[in-house]
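Single-letter residue listing:
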Amino acid sequence: MSSMLVLAIVAAIGVVAFFIGRQRAVAQDNGSVKPHSRAHYHGWWAFLLAVLPALLLLAVWNIGSSVYLERHIHAALPERTADSAVASEALDVSLVKSLARGLRQLDANTQLPASFAELQPLLAAKGVALATDTQDYMIPIAVEANAVQDRLGLIGAVVTLVLSIAGAFYALRQVAPRARARNNVERLMLWGLLAASTIAILTTVGIVLSMLFQTIQFFDSVSPASFFFGTVWDPRFAAAGSGGSQGQFGLIPLLSGTLYIAFVALLVAVPVGLMSAVYMAEYASPKVRSVVKPALELLAGIPTIVYGIFAVVTLGPFLRDLSAVLTGGSPFIQGQSIFTAGLVMGVMLIPVVSSLSDDIITAVPRAMRDGSLGLGATRSETIKRVILPAALPGIVGAILLTASRAIGETMIVVLAAGVAANLTANPFEAMTTITVKIVNQLTGDLEFNSPQTLVAFALGITLFALTLVMNIVALYIVRKYREQYE
Amino acid sequence: MTDIPLDTMVRAAAPARRDIGLKARYAAERRFRIYGVLAISVGLAFLAIMLITIVSKGYTAFWQTTVTLPINFDEKIIDPSNKRATDPDVLIKANYPKLADKALMAKLGIDPSNKPMALKLKGFLSEGARVQLRDIVVADPSVIGTTRNVDILAAANLDSAFKGQIDLNVEEARRKVSDQQIAWMNQLKADGTMAEHFNKGLFTYGASSRPETSGMGVAIIGSFYMMVIVLLLALPIGVAASIYLEEFAKKNRFTDLIEVNINNLAAVPSIVFGLLGLAVFINFLGMPRSAAFVGGLVLTLMTLPTIIIATRAALAAVPPSIRSAALGLGASKMQMVFQHILPLAAPGILTGTIIGLARALGETAPLLLIGMVAFVADYPKTPFDPATALPVQIYMWANEAERAFVERMSGAIIILLVFLMAMNITAIVLRRRFERRW
Chain U
1 MSSMLVLAIV AAIGVVAFFI GRQRAVAQDN GSVKPHSRAH YHGWWAFLLA VLPALLLLAV
61 WNIGSSVYLE RHIHAALPER TADSAVASEA LDVSLVKSLA RGLRQLDANT QLPASFAELQ
121 PLLAAKGVAL ATDTQDYMIP IAVEANAVQD RLGLIGAVVT LVLSIAGAFY ALRQVAPRAR
181 ARNNVERLML WGLLAASTIA ILTTVGIVLS MLFQTIQFFD SVSPASFFFG TVWDPRFAAA
241 GSGGSQGQFG LIPLLSGTLY IAFVALLVAV PVGLMSAVYM AEYASPKVRS VVKPALELLA
301 GIPTIVYGIF AVVTLGPFLR DLSAVLTGGS PFIQGQSIFT AGLVMGVMLI PVVSSLSDDI
361 ITAVPRAMRD GSLGLGATRS ETIKRVILPA ALPGIVGAIL LTASRAIGET MIVVLAAGVA
421 ANLTANPFEA MTTITVKIVN QLTGDLEFNS PQTLVAFALG ITLFALTLVM NIVALYIVRK
481 YREQYE
Chain Y
1 MTDIPLDTMV RAAAPARRDI GLKARYAAER RFRIYGVLAI SVGLAFLAIM LITIVSKGYT
61 AFWQTTVTLP INFDEKIIDP SNKRATDPDV LIKANYPKLA DKALMAKLGI DPSNKPMALK
121 LKGFLSEGAR VQLRDIVVAD PSVIGTTRNV DILAAANLDS AFKGQIDLNV EEARRKVSDQ
181 QIAWMNQLKA DGTMAEHFNK GLFTYGASSR PETSGMGVAI IGSFYMMVIV LLLALPIGVA
241 ASIYLEEFAK KNRFTDLIEV NINNLAAVPS IVFGLLGLAV FINFLGMPRS AAFVGGLVLT
301 LMTLPTIIIA TRAALAAVPP SIRSAALGLG ASKMQMVFQH ILPLAAPGIL TGTIIGLARA
361 LGETAPLLLI GMVAFVADYP KTPFDPATAL PVQIYMWANE AERAFVERMS GAIIILLVFL
421 MAMNITAIVL RRRFERRW
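Chains U and Y are the protein sequences, given in the same order.
Start counting the first sequence at 1; every next residue gets the next number (my numbering).
Start counting the second sequence at 1; every next residue gets the next number (my numbering).
To be clear, the hints were calculated from the coordinates, so they are not data collected in a lab.
Don't take each hint at face value.
[What the hints assert, rightly or not] Straight-line C-alpha distance at most 20 Å; calculated PhoX-like pairs for lysine-lysine:
| hint | chain 1 | residue 1 | chain 2 | residue 2 |
| --- | --- | --- | --- | --- |
| 1 | Y | K251 | U | K480 |
| 2 | Y | K250 | Y | K333 |
| 3 | U | K384 | Y | K23 |
| 4 | Y | K102 | Y | K122 |
| 5 | Y | K93 | Y | K83 |
| 6 | Y | K120 | Y | K98 |
[Unchecked claim] Chain Y regions said to be covered by chain U (calculated; three or more residues, Cβ under 8 Å):
| hint | region |
| --- | --- |
| 7 | 132–141 |
| 8 | 145–154 |
| 9 | 243–255 |
| 10 | 277–283 |
| 11 | 391–403 |
| 12 | 416–429 |
Glycine included, C-beta positions come from ideal geometry on N, C-alpha and C.
Okay, chain U solo, but in the shape it has when bound (with noise of 0.2 Å):
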């Protein structure tokens, strides 16, 4: 019996306990006794035990019964010889799956051949394509496997449909005037709410767990003070198997592209977005805000693979031509250059930074903006001497923020910030980034085990750090001044 059906049958008992729970409860109600909870509680209540615990029991039983049936596969293939012709056991087993799953789709009354040579064409027919190192003893322990196979899901079906009867009828049979059942549905409903909640730590959790493993073992084969202090990148392509030739992986060429750029734009989008964020809300009439302010936001709507292109297509071309133009022959600026990522990286910002700071200028009370005006200050004055010193800490917050934005960009910097891990203090010189390289690392065909594809999770997990760091203190900032001035 296939997992869907047995969903199915499942949810069909829990409709149906649903309507059975339901009726029996206004049924019972004959005005004697006042109901402690409506009667479609009473149903949910049925539903709810008829359908969760059989669902948990056949998800625990389907990975039960597969870690079983790796277990068996593995333990009725042959002893394992120097020459062998497949090159691990995880291979072994993971061919005899896929050759059982493969045998699924044949016909029931198929004669199988021995040789996997005369199984293949049978198969192909099918459109089942097989590794070509599947051996000929495998065709039998892949029939085995999946008698075996058969024989769990009935058992898991069978166990799963008895238990959500049963369940069913428990619930049945507790409906009463004066039975809590609202009370039942509303804390398995806490749960579940609850479980929702947890998914934020979950995710984080994955977060760490699954990068520093990978991390783990990349500092297997490169230690960590090589990757921290190397002042050279290049990984080299290890072609699968041959494991011989081993990269550098020094970090610092690409952190320091990566704050080089940060800093560039944050050249362009603090003075900039501040300065907007202050005429929205101490000079410009409500009729100007309107229009301006969606505008702004709409240039934080813009994805950033099209400011990414904008910058490789238009205006990485345009500054090298005209640099070419100014010195009267070869251009100064690349067509891919530190200063065209960070500019156009900034302009990204802009909006970041403004709105972020708008909500920190506008909680500033009113009475020291009034106090400073009445004192005759003008008001550029009073923005200058009280309002952005009252707001400092948060306009610090705001702009860490705004920094770990910019280290963790990735498409405007994977396509104008180039790919060559220099070391360079001019700006209009390519340097490459942090996400740049695990963008480069992990797209195209590598092996997965190799120290050039995990560097990338050591790069990732530098950057989550980082960004981390800046957040927690930024958001602490943030939310302290807050605090200050409510």
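Since chain U is already given, all that's left is putting chain Y on it; use the hints.
The following block gives chain Y in isolation, referenced to the frame of chain U:
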């Protein structure tokens, strides 16, 4: 106060005008204002320049040049040995480009035996003609032996030339279209055989190595699947989590931890979610690479914090009087939340969800890591089949060198921006219409 002489008071009321630098201060005030206006203008000017350059590069992508030719589906070329009844492969492998070339030569009045001239025709029609004619014949084999008008795509270079994008002053050897081909093009243009049509293919074709037959069909379907998955997962989970945190959670270490987590996840670089997807969904759980399903899961995790933050704000905005009223009438806390608070907060939740979806639709970096940069020519039938996404398709076209791809890329950006703008405007309108201030 009483013993101050009157004349001193008068004098104090009208002091001599001292120079307190008012002129300089007002000048500083004006300068400051100008800085503000400049800052805003810089942002808006950049927005304008970006949109103008993209639209001016991309609007031509919505038109495509085709050549209308009377194709004679000659049995001698398609099926010379008359085996199609027994061997269906014959119809698939037949030499269809020859049909198109013959029709074109007849139209231009070129003698087919004139080899040098015939050679110059190479690269005039798209290679896609093969597929186009094959599909016609396979769908309806009775067409063999008849003549029928078919709109055949011109090759990308001819398309560019037709749209006037190729500089004809460059010497012939250095451009991709020969003078002879230009002459033919003008001849066909004059008699109306060659014309621009609306480019349906841009929306329906999958990946292709030839610009004229490549389109965003696969990417649109992939993005659609992902948006559906994000909506189905992120909305219920996000709303449930917000309800718990806003209405039920007691203030303790655990809820503090969840809160810090959500705020931090909202600021984690998107590429990190891609690494998570690669390590957990693909390597650990063995899900297929390049599948829209995995993309949807990754984008769900990325969108969740946005939705949770928006939903919590919407829930918190519902005034306490409504809570008290519901509880006072005997509703349980759960009934109060689901029957009173949630409906009142729905517009805010919806707005936050749409904005989150718009962000997810434009996101590229995490999708690159889970293998969605793939050459997918066929439509994905389920979310588990290989697919691409709109922004990833744009990225892939950005890496192609040919100018026709740049045109398509800009066209794709226009479409993506139209989608995003429609979503954002919907969100703004919803907010304006349903927003209630208590």
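Tested hints:
no., hint, in the structure
1, K251(Y) to K480(U), "holds (18 Å)"
2, K250(Y) to K333(Y), "holds (14 Å)"
3, K384(U) to K23(Y), "holds (18 Å)"
4, K102(Y) to K122(Y), "holds (12 Å)"
5, K93(Y) to K83(Y), "holds (12 Å)"
6, K120(Y) to K98(Y), "holds (14 Å)"
7, 132–141, "violated (count 0)"
8, 145–154, "violated (count 0)"
9, 243–255, "holds (count 5)"
10, 277–283, "holds (count 4)"
11, 391–403, "holds (count 4)"
12, 416–429, "holds (count 6)"
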